[in-house]
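> Letter by letter, the chains look like this.
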Amino acid sequence: MASEGSGKALGVADTEPIIARGHTLETVTNKISSIILTRGTTPGWLIGFLIAFSMLMLLNLVITLLMIKGVGIWGIRIPAAWGFAIVNFVWWIGIGHAGTLISAILLLLHQQWRTSINRFAEAMTIFAVMCAGMFPLLHMGRPWLFFYLMPYPNPMWLWPQFRSPLVWDVFAVSTYFTVSLLFWFLGMIPDFATLRDRAKHKAGQIIYGMLSMGWRGSAVHWSRYEIASVLLAGLATPLVVSVHTVVSFDFTIGIIPGWHTTIFPPYFVAGAIYSGFALVLTLAIPIRRVYHLEDLVTARHLDIMAKVMLATGLIVAYGYGIEAFMAFYSGDYYEKFMLTNRLHGPYMGIYFMLLTCNIALPQLLWIRKVRRSIPALFVISLIVNTGMWLERFVIVVISLARDFVPSSWRMYYPTRWDWATYVGTFGLFFTCFYLFLRFLPMISIVEVRALVHETNEEDLRLHK
Amino acid sequence: MNETSNPKNAVDLAAVRAKLGSDKAPRFWQSIEQLAETSTYQEFRDYEFPPSAGKANDTINRRDVLKLMAASAAMAGLSACTKLPPEKIVPYAHPPEEIIPGRPLFYATSMPESGCSVGVLVESHMGRPTKIEGNPEHPGSLGGTDVFMQSSILNLYDPDRSQVVLNEGRVSSWTDFVAAMVNEKTGLAAKGAGMAILTRTVTSPALGAQMKSLLAQNPDAKWYQYEPCGGHSAREGSRMVFGRPVNTVYRFDQADVVVSLDADFLVSGAGHQRYARDFSSRRDLSAGASSKLNRLYVAESMSTSTGAVADHRLPLRSSDIDDLARQLAAAAGVAVPPSANASSKLPAEWVGAVGRDLSAHKGSSIVIAGEQQPPFVHALVHAINAALGNVGKTVIYTESLEADPVNQTDSLRDLVNSMNAGRVNFLLILGCNPVYDAPADFNFTAALQNVGLRIHHGLYQDETAELCHWHAPAAHYLESWSDGRAYDGTVGIVQPLIAPLYDGHSTHEILALFTGDSGKPGHDIVRDYWQSQRSEKDKAFEALWETSLHDGLIAGTALPAISLSPHADFAAQGGAQTPSSDAGKLEIVFRPDPSLGDGEFANNSWLQELPKPITRICWDNAVMVSPGTAQQIDLAEGDYVKLKLGGREAQGGVHIVPGHADNSVTVHLGFGRWRGGNVLLERGFSGYLLRTSSAPGFARGVEIEKTGKQFSFAVMQFQTPVESNGKLVDEESESAVDEGERDLIRVATFDEFQKNPNFARREDEEETKDYSIYPRYKYDGYAWGMSIDLNRCIGCNACVAACVSENNIAVVGKEQVMRGRIMHWIRIDTYFSGGLDNPEMYYEPMPCMQCENAPCEYVCPVGATTHSAEGLNDMTYNRCVGTRYCSNNCPYKVRRFNFFLFSDYKTPSLYGMRNPNVTVRSRGVMEKCTYCVQRINAAKIRSEVENRMIRDGEIVTACQAACPAEAIIFGNVNDPTSRVSKLKAQPRDYSLLADLNTRPRTTYLARVRNPNPELRG
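For the protein sequence lines, the chains are A and B, in the order given.
If you read the first sequence in my numbering, its first letter stands for residue 6, the second for the next number, and so on.
If you read the second sequence in my numbering, its first letter stands for residue 2, the second for the next number, and so on.
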């Protein structure tokens, strides 16, 4: 966002429009609503959905096994008592940052380009937070007692232990999920009304009708809608920063070298946005192609997202640098060992992979040609996602595997159930995402229509 | 059946009639075809009831045998379950005397171990023995214990224990067994010719008397003894030098200089519990700079517990110890021819310094030889001790403890020869397992087949039981009456804590069948024996008996010291050697396993899961070699190799042990068993496959051949520092961690300590103690703390085993240990310092530190781990949801998590064993050392009832009680006069990771080595 400064907020300086020229209000509405209403269920969609669904069933299997046997089916052990579950939790929740960032912060900053991507970025957020939210539950030794973490009245006057960051997590993640869900739903209300009006089937009319909550498009509705959007955006904005800050507290509050660091909150937030934008790119690139939305999600969108990635990637790189510097500068033996262990320890391969994925390769985005090359962007987005997953692995596992007392050092190895759980959450994510693509407007019809107007006005102005 | 027209199936009615008339006729039959056994009927029968059992006979393999055995054992168990003893239901209106529900009772008894017996106190809850403690009044332990004593309680409740009498593998009954024995005995020749009895070493006077009576009644019957790892060399060594076997008692508390020649005397052999206590009393530094520290020299092939506490350790092949002994003897003035077979040059400086140190401490030194060493080395050691004037001062001789001290190798050889010659037609095997552990060259199994009737009596249906006609289950020592002599001859009475859980009978009761006392209870046998031995009569004897039962020993029965002097010419007789060609060849050393002993305890899962000292391996034994040898013959950690010795083979995984002698292989015995329970199956390999009667301790000329396969060990603490190319293994933790920075082990020499007693203190640590913006919590009442003296710890694992027993700690199995999920609440961290070839070794027992600023507490989201007002870091299992954050944040990593349901909820026999005051943890909860909070609370209740404070020493944690070296002391640190406070006030006191400001309540007393100034540098 830094690279796309507020001076260009309205896209004035850029000659390239945000959406392709030639669109009218009607073409936009037709284009987006037809995906749901007239395109129908295509074989491609069905195959994708079935693959995702079978992965979801794998998750089902893992959870069943987990409930029957216990978390021992995973590779966690002493000393690395947290493993894939927490790595995945942090990774998914990081991904869940892009949506709210795009819809809330960029809304407040009047970044018009966000409108084409905010809807599915928000959907991605909701689904990613759903995936993330499962892990803290599943990784508990006795998940059926999860409610002990909530402040509920009980006859023994037992409360959660409020000094623990895990309790803060409960609040942070659940608040974030609630606000994101509301925001997402609120934004869709006018579009639901459009779909209700255009739906041919009775079922569609009824369901979209209920979802549109009586929207008639009156001026009062629009006024309230705008106010509510801004209010929710205002609410969501601090959450974008707070959630990952709180998640980073899970580590910084601990005393383990590699966890106990003050740089974590900003660097986690930057990392979250980094990975979030990467996943938005990963999703947007195939979607715009499959659904022929190149007009609405233009090369310029991709370019801007690449710039955001570049900027946040640099913040993340700075975080790594500071970590290393502090290990050296503090003179603390354990901190120094933590760094040596990352660089020369048994997991050094993973650390160097992380540096390659998160720092070295994304530097290609400085080049305009790369930013404009869709295959290149797609590959880089995948690399960044991998890198961010590795980053969490480095933080969680490598720090734990070798801490203070060498007698307890032990390698962590994931089991097949660790992988199955991870793959299973992809199943959950993509099952939800396929349903979203099929039944909900993946691009905000209302907001893009507003853009059409602006694009045309701007063109007129430029032609004068 | 309508095909009778078919000639093939024609029924021969005449034959059927004949059959029905004969005595082979079935009582009930259902068709004529059945009677006639027509082919149709046979087809029908085979179809309906596939002859699978017959097929199994054809292609039976070991695994099938095991499966069938397991199934049949289970069935045997079932049938035993159905045979409930007649019970009367009696209202609990008149409870048994002395039993108060919820309060345990302690009974004194004795446990037979290492060829002698050792006094124990057994905690009993409502008639169930639950925990073994040492008997502080017993000279054999002074309250100390070892892993076998601690774990023997599990053997009592072991579901795999033999439960029924078996006759030819079928369930029988004790009555039938008795009838058969009486029958057989009458069938024997009048003088008992053809009858043979095989026992272990007998140190029970009552049993010895019974044997003698049996032999008196049957003069032609033979008594053989064999104990696979039981002091053969010591016995023969003393015979060589004194002309008769004598017992040696060492007084380590009186010795300033101790030289161990391959002897792991602190953790194995008779009296080791007492020796550990005596030895560590000379490692005490309470008197500061004026403390009188002893000095220990150890020359050994394997890195042992004793070697780890040595001030000077010399890795030396076991077969070269002979040379060292000769040189030390020469230095002490014993005339002995030099060795002809030494393969290596001994470091002259080392030998010289040791010799001079010994000479400087005449009368206050001890030289002790290990069991692996041949009798001649033992004889030399006797001569050295005599020459140094130690006899009568630090080395005391008494008459043998044994009822009949024979050369057991010869004894077993005689038996095998007799069996092969067909002279034995009735063999009674009492508590032995020679099929598994007899010397390989005896071919015991083959010889056994020549015996007409083979009877086995033992705790398990083991390898020998399998090949015997009869098997009678033995009663566990906690179920039976007996007696036994401790290392110094003191007699302890073995009294039962519980009626036999199964159909077990003691050895006394078995022998009584043959001495005309059939049916006489064990109690009467033992009591009558002692009544006949004592001058006290009637009431006086009654009083003595009661007192002896109460105390666990008969006072004044220690054997008197005898004065002996060595034969002058023994060295000339036994010492001359002819040089042999294999002097430089690779040697193999057989040692009893530190956890399983000779294999008797192989089915004990607590012991199997105990990480062995130094190697930290659980669940397996290994082919252990030095880093140098591994490099030389290109072996890597985990290589699965074939050991070849004299045409015999065994296969095992290679483990590289720092400090092991070069050109030597050590194998722990006790593994590789194949029958006698489910725990012992497929664990390691049997060293007995290679061990012969001529070389029971070590042999030269072993060959190692790689199989190309790999073997994975379950290691609790990774420390193997080498690969075949000599580079550090980076896979797991290196041992070469720069301890200087982490400062976990603090050590100084005695000189340095005298100059700077505060060597273990660090200035910056003192500073951090008050780094907090909050005022410190004020502990008003008690404040519990612990002090662990690293100078006393001998790394024997007794504390670990005691903790398992006291706190119902679950066994997780090999695979889970490999995954880092062992549940032990206390562990013995082991660190090395110095080179690979002869590193210094350091032990550091790690229970929970009970930090005052506990990092685990503030991260728990549900408040399941909280601080008590007495400074305990408590775990509330009910509240724990299992986020494991506490474990992550514990810098000492002492927390343990139930990743699965590790506790055995299913085996009913184990219910009785559990400590009723400690929760059996379920799946998904965290657990850790509690400082035995149940013991603290019991003492608090007691003291509050009596309206007083808890006295110092009133609460003894399980680890503290078990420690034979008194290295662990627990108490109230708020009381400046308490023992723990005084220890913590010592300048050597330090906290682990003090710079984290966790303020641990468990602190350590730094190690002080006492090296010989001559050998420094």
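If you are wondering where the hints come from, they were derived from the structure by calculation, not from laboratory data.
Honestly, I wouldn't trust all of these hints.
Each computed DSBU-like pair below joins lysine-lysine, with the alpha-carbon atoms no more than 35 Å apart [as the list claims (entries may be wrong)]:
# : chain 1 : residue 1 : chain 2 : residue 2
1 : B       : K645      : A       : K74
2 : B       : K521      : A       : K74
3 : B       : K815      : A       : K74
4 : B       : K645      : B       : K710
5 : A       : K341      : B       : K756
Which stretches of chain B does chain A cover? Using the computed rule of at least three CB atoms under 8 Å from a CB of chain A, they are [claimed, not checked]:
#  : segment
6  : 436-442
7  : 652-664
8  : 826-837
9  : 872-882
10 : 919-928
Label-pair restraints from in silico Cβ distances [claimed, not checked]:
#  : chain 1 : residue 1 : chain 2 : residue 2 : range
11 : A       : M218      : B       : T877      : 46 to 54 Å
12 : B       : D765      : A       : M331      : 18 to 26 Å
13 : B       : K710      : A       : T345      : 51 to 59 Å
14 : A       : M218      : B       : P776      : 54 to 62 Å
15 : A       : R168      : B       : R763      : 26 to 34 Å
16 : B       : M950      : A       : R168      : 43 to 51 Å
17 : A       : M353      : B       : N1013     : 53 to 61 Å
Fair warning: this is a prediction, and the values are worked out from it, not measured in the lab.
Even for Gly, the Cβ is constructed at its ideal location relative to N, Cα and C.
> Straight-line Cα separation of K815 (chain B) and K74 (chain A) no greater than 35 Å?
holds (18 Å)
> Is the straight-line distance between the alpha-carbon of K341 (chain A) and that of K756 (chain B) 35 Å or less?
holds (33 Å)
> Measuring from beta carbon to beta carbon, are M950 (chain B) and R168 (chain A) in 43 to 51 Å?
Once the Cβ atoms are compared, 33 Å apart, the range 43 to 51 Å for R168 (chain A) and M950 (chain B) is violated.
> According to a criterion of three or more residues whose C-beta lies within less than 8 Å of a C-beta of chain A, is the segment 826-837 of chain B covered?
holds (count 4)
> Within 53 to 61 Å: is that where the Cβ-Cβ distance between M353 (chain A) and N1013 (chain B) falls?
Roughly 44 Å apart at Cβ, these two residues miss the hinted range, so it is violated.
> At least three residues with a C-beta closer than 8 Å to a C-beta of chain A: is that true for the segment 919-928 of chain B?
holds (count 4)
> Go check the segment 872-882 of chain B versus chain A for me, would you? Three or more residues, Cβ under 8 Å, otherwise it fails.
Coverage by chain A holds here, the residue count being 3 at a Cβ distance below 8 Å.
> Given a hinted range of 54 to 62 Å, is it respected by the beta-carbon distance of M218 (chain A) and P776 (chain B)?
holds (57 Å)
> Can the segment 436-442 of chain B be counted as covered by chain A under the rule of three residues or more with Cβ-Cβ separation shorter than 8 Å?
Not satisfied, violated; 0 residues make the cut.
> May I ask you to test the hint 26 to 34 Å on the CB atoms belonging to R168 (chain A) and R763 (chain B)?
holds (30 Å)
> Between the alpha carbons of K521 (chain B) and K74 (chain A), is the straight-line distance 35 Å or under?
violated (52 Å)
> Is 18 to 26 Å a correct range for the gap between the Cβ atoms of D765 (chain B) and M331 (chain A)?
holds (19 Å)
Going down the numbered hints, you'll see the structure goes against 1, 2, 6, 7, 13, 16, 17, while the others check out.
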